[in-house]
Amino acid sequence: MADGDPVDLPAPPDAQNRPRIGVDEWVGQVEDRREHGPRVRLVNAWNELHLAAKLAIFVGPAAFLPFVVSSDYWMQVAVITALYAVLAVGLNVAVGFAGLLDLGYVAFFGFGAYAYTWLASEHFDLHWDATYAIPTVVVASAALGFIVGLPSRRLVGDYLAIVTLFFLFIFNTLLLNADRINIPFKEGSINFTRGPNGISTVDPMSFFGLELRTLDHYFWLSLVTFAVVVGALYLLNESRTGRAWRALREDPLAAELMSMPVNRLKLLAFSIGAAAAGLTGSIFAAQNGSVFPVDFDLTLLISLYAFVILGGAGSILGVAIGAVTINVALELLRTPENASFVFYFLLLVAIVAILRRRAAAVLAGIVVLGFLLRLAAEGVKPSWTTGEDRGLTWVDRLVEDWVLLPTDIARIDDVAYIGLIAAVLALLQLRGFVRLAALVPVLYLAVFVWQNVLVIQPSVARYIMLGAMLVALMAARPQGLFGTPRVEIV
Amino acid sequence: MDWTTFIQLTVNGLTLGSVYALIALGYSMVYGILKLLNFAHGEVFMVGAFIGWGVLNLLGGAVDPRVPVWLLITLMTAAAMLGAGLLGVVIERFAYRPLRNAPRIAPLISALGVSFFLQNSVLILYGANFKTYDTFTLVDPFSGIQLGGVNVWIIRIVVFVSAIAMMLGLFALVRYSRLGKAMRATSFDREAASMMGIDVDKVIVKTFFIGSALAGAAGVLVGLVFGQINHFMGFNYGLKGFTAAVIGGIGSIPGAMFGGLFIGLAEAYSAGYISSVFQDLIVFSLLVVVLLVRPSGLFGRATIQKV
Numbered sequence: 017m018a019d020g021d022p023v024d025l026p027a028p029p030d031a032q033n034r035p036r037i038g039v040d041e042w043v044g045q046v047e048d049r050r051e052h053g054p055r056v057r058l059v060n061a062w063n064e065l066h067l068a069a070k071l072a073i074f075v076g077p078a079a080f081l082p083f084v085v086s087s088d089y090w091m092q093v094a095v096i097t098a099l100y101a102v103l104a105v106g107l108n109v110a111v112g113f114a115g116l117l118d119l120g121y122v123a124f125f126g127f128g129a130y131a132y133t134w135l136a137s138e139h140f141d142l143h144w145d146a147t148y149a150i151p152t153v154v155v156a157s158a159a160l161g162f163i164v165g166l167p168s169r170r171l172v173g174d175y176l177a178i179v180t181l182f183f184l185f186i187f188n189t190l191l192l193n194a195d196r197i198n199i200p201f202k203e204g205s206i207n208f209t210r211g212p213n214g215i216s217t218v219d220p221m222s223f224f225g226l227e228l229r230t231l232d233h234y235f236w237l238s239l240v241t242f243a244v245v246v247g248a249l250y251l252l253n254e255s256r257t258g259r260a261w262r263a264l265r266e267d268p269l270a271a272e273l274m275s276m277p278v279n280r281l282k283l284l285a286f287s288i289g290a291a292a293a294g295l296t297g298s299i300f301a302a303q304n305g306s307v308f309p310v311d312f313d314l315t316l317l318i319s320l321y322a323f324v325i326l327g328g329a330g331s332i333l334g335v336a337i338g339a340v341t342i343n344v345a346l347e348l349l350r351t352p353e354n355a356s357f358v359f360y361f362l363l364l365v366a367i368v369a370i371l372r373r374r375a376a377a378v379l380a381g382i383v384v385l386g387f388l389l390r391l392a393a394e395g396v397k398p399s400w401t402t403g404e405d406r407g408l409t410w411v412d413r414l415v416e417d418w419v420l421l422p423t424d425i426a427r428i429d430d431v432a433y434i435g436l437i438a439a440v441l442a443l444l445q446l447r448g449f450v451r452l453a454a455l456v457p458v459l460y461l462a463v464f465v466w467q468n469v470l471v472i473q474p475s476v477a478r479y480i481m482l483g484a485m486l487v488a489l490m491a492a493r494p495q496g497l498f499g500t501p502r503v504e505i506v
Numbered sequence: 004m005d006w007t008t009f010i011q012l013t014v015n016g017l018t019l020g021s022v023y024a025l026i027a028l029g030y031s032m033v034y035g036i037l038k039l040l041n042f043a044h045g046e047v048f049m050v051g052a053f054i055g056w057g058v059l060n061l062l063g064g065a066v067d068p069r070v071p072v073w074l075l076i077t078l079m080t081a082a083a084m085l086g087a088g089l090l091g092v093v094i095e096r097f098a099y100r101p102l103r104n105a106p107r108i109a110p111l112i113s114a115l116g117v118s119f120f121l122q123n124s125v126l127i128l129y130g131a132n133f134k135t136y137d138t139f140t141l142v143d144p145f146s147g148i149q150l151g152g153v154n155v156w157i158i159r160i161v162v163f164v165s166a167i168a169m170m171l172g173l174f175a176l177v178r179y180s181r182l183g184k185a186m187r188a189t190s191f192d193r194e195a196a197s198m199m200g201i202d203v204d205k206v207i208v209k210t211f212f213i214g215s216a217l218a219g220a221a222g223v224l225v226g227l228v229f230g231q232i233n234h235f236m237g238f239n240y241g242l243k244g245f246t247a248a249v250i251g252g253i254g255s256i257p258g259a260m261f262g263g264l265f266i267g268l269a270e271a272y273s274a275g276y277i278s279s280v281f282q283d284l285i286v287f288s289l290l291v292v293v294l295l296v297r298p299s300g301l302f303g304r305a306t307i308q309k310v
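These protein sequence lines are chains A and B, in that order.
Count the first sequence with my numbering and you get residues 17 to 506, in order.
Count the second sequence with my numbering and you get residues 4 to 310, in order.
Keep in mind that the hints were calculated from the coordinates and are not lab data.
No experiment lies behind these values; they were computed from the predicted model shown.
Glycine included, C-beta positions come from ideal geometry on N, C-alpha and C.
A portion of the hints provided could be inaccurate.
[What the hints assert, rightly or not] Rough simulated footprint, nothing fancy, chain B against chain A, three-plus residues with beta-carbon under 8 Å: (1) 56–65; (2) 181–188; (3) 208–219; (4) 310–321.
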């Protein structure tokens, strides 16, 4: 220091790691930046990629899907997944960027679908070309988003969540009941929604006379929509507005004091999210050829939040990955043919991920315990092994030799199920070796319950698993899988 | 104006409203202490209704009850309160406590997860059919008192009176007991309360137990009055109870009682005089109006945000 050098300054942070305005996750990531493992290098390399490259990596392989997948059912799933991914990314604008808890988001999706239907179906005998219908729907949805966002000027936090949830509820009531609306100065009543029957005469989309006819066409349209929406939102998020949203999310009061137009930002977030939802809705309606009120209810809202939360609120591609993973898993679980496979796969992944090297011992323990119980049951009470195995796949064949299958399961199914929940909760209280030892019977019980109770109704069981996953994820990693941990700065 | 219809609607509204008020109390108490929207509360209510139904079936069903009717109803309510209360404690312990210091959105998502989980669990165990309490067989539908030409069914009176009694009991508990004092202190300032030697975790657990027990009781009362329960009833009633809590000013106990009765009456009158299809719509629009005019509810105190 003798030659008058100023203090020994650290090297200026490189562009990647420079603290950015409104991103105090930067602080939360400090551990990541110190690490230099392959994971961190991979993350950094990914972060440095250009937006177009990122999108190409994500969307490019998917574009070839129609050439690989031959079944219509799975193409349909692919279209829905792509649409839900757009929807989740749109929800992320209000929830992830601006921190506004919008529980009415599904209503915008439904509104888009119904609005497109009104413009292009037999229902009102209007047959607009999608070239005009889609922009109209998008603008109308954005306007609706603006109106629903208006209460956010006065209501904050939980109260906003309530009002938006009620909006969704009101919207659903209207869909179900707006089939006989009387308009002043007009004879008779107008049927807007055909109630629970829905409208099933929606035109396929056509751009400049070019009609989309097959599922493949709609899949490509959805992919293009995804790329456009993600690209636009990415740029928006990196812009002045995006930074302002993040400031708003972190601290609305401070943001206002920094002279940010808080109310305008909130309304903008609502409108842009709603516009994306309206766009998705119109593709959804055209692709299905029909709209029904049940497509736009609370179940979809919870699934959407699961996408956003699993991926990590705020991270666009994380949210998209969350949407793809969960939606494909839910879809696989819907059919009894695949359900067992997915269930055991998820169970195995979870066991291996948590226990690592001890997993093999635990798995062996379960099977041994199974055979012992089976032997004991055959000696004591043979009716416990003569039940019917309801599973249909080869995975079920694998387990049916060592799982008890009682004949009269209907008498004990609730006991077994509630017992499993209690056992899992009790397991969380144990520590160390006891926990590992207790894991074996609990997992065995899980297999027993799956094989005897849940496998019959995988379409319900999948929602149980989704609910449990949300709770577990919140407790273990509230920022989601791809989100950045946040540090509360006091 | 048709006087009989009016009395009939008022009776309906008060019965329904007292149930909403019981549910609203749970929301309000939890919000007051934890600043947490317990969206799973409606499902706790639903589970309570199912526990009551289970006890009814255990004791011989409505057609051939093995115990006197008054004892049967008491047992059903008690079992539902105990079961729902314990369920509330479990939910708090495993879904909310780990998130005490997480960002605001985390417990909300967790609550949605719990509610989804409970709803579908009941669906898978008991199926999607309506379950019936069959109260008309249990209690003669023509028993009761005459009020201005309207026969008020005895069950409706029992429901209203017991709901009011539970509310008054809760009010007294919060107002005069040591636990109530601790609850008020915790809700005022959790950190300061814990420094004053109050075991905050214990207070929270007890709050969850009491609130959930009231919801469980409400579940049985709904089953008794309307006869039918199902796995998705929790959402609708939970939402109404929640509306009641918000209109009354969430966090305020008299507010929740008032809000419940207000919502119940509003629903009954709009069903009777305007349209039964749009009664929910009217109720929720009322809520939005109240929130926009008085963001902290009718009985809530406006909070000043300090930085």
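(request) Would you list, in rising numerical order, the hints stated earlier that this structure does not obey? (result) Violated: hints 1, 3.
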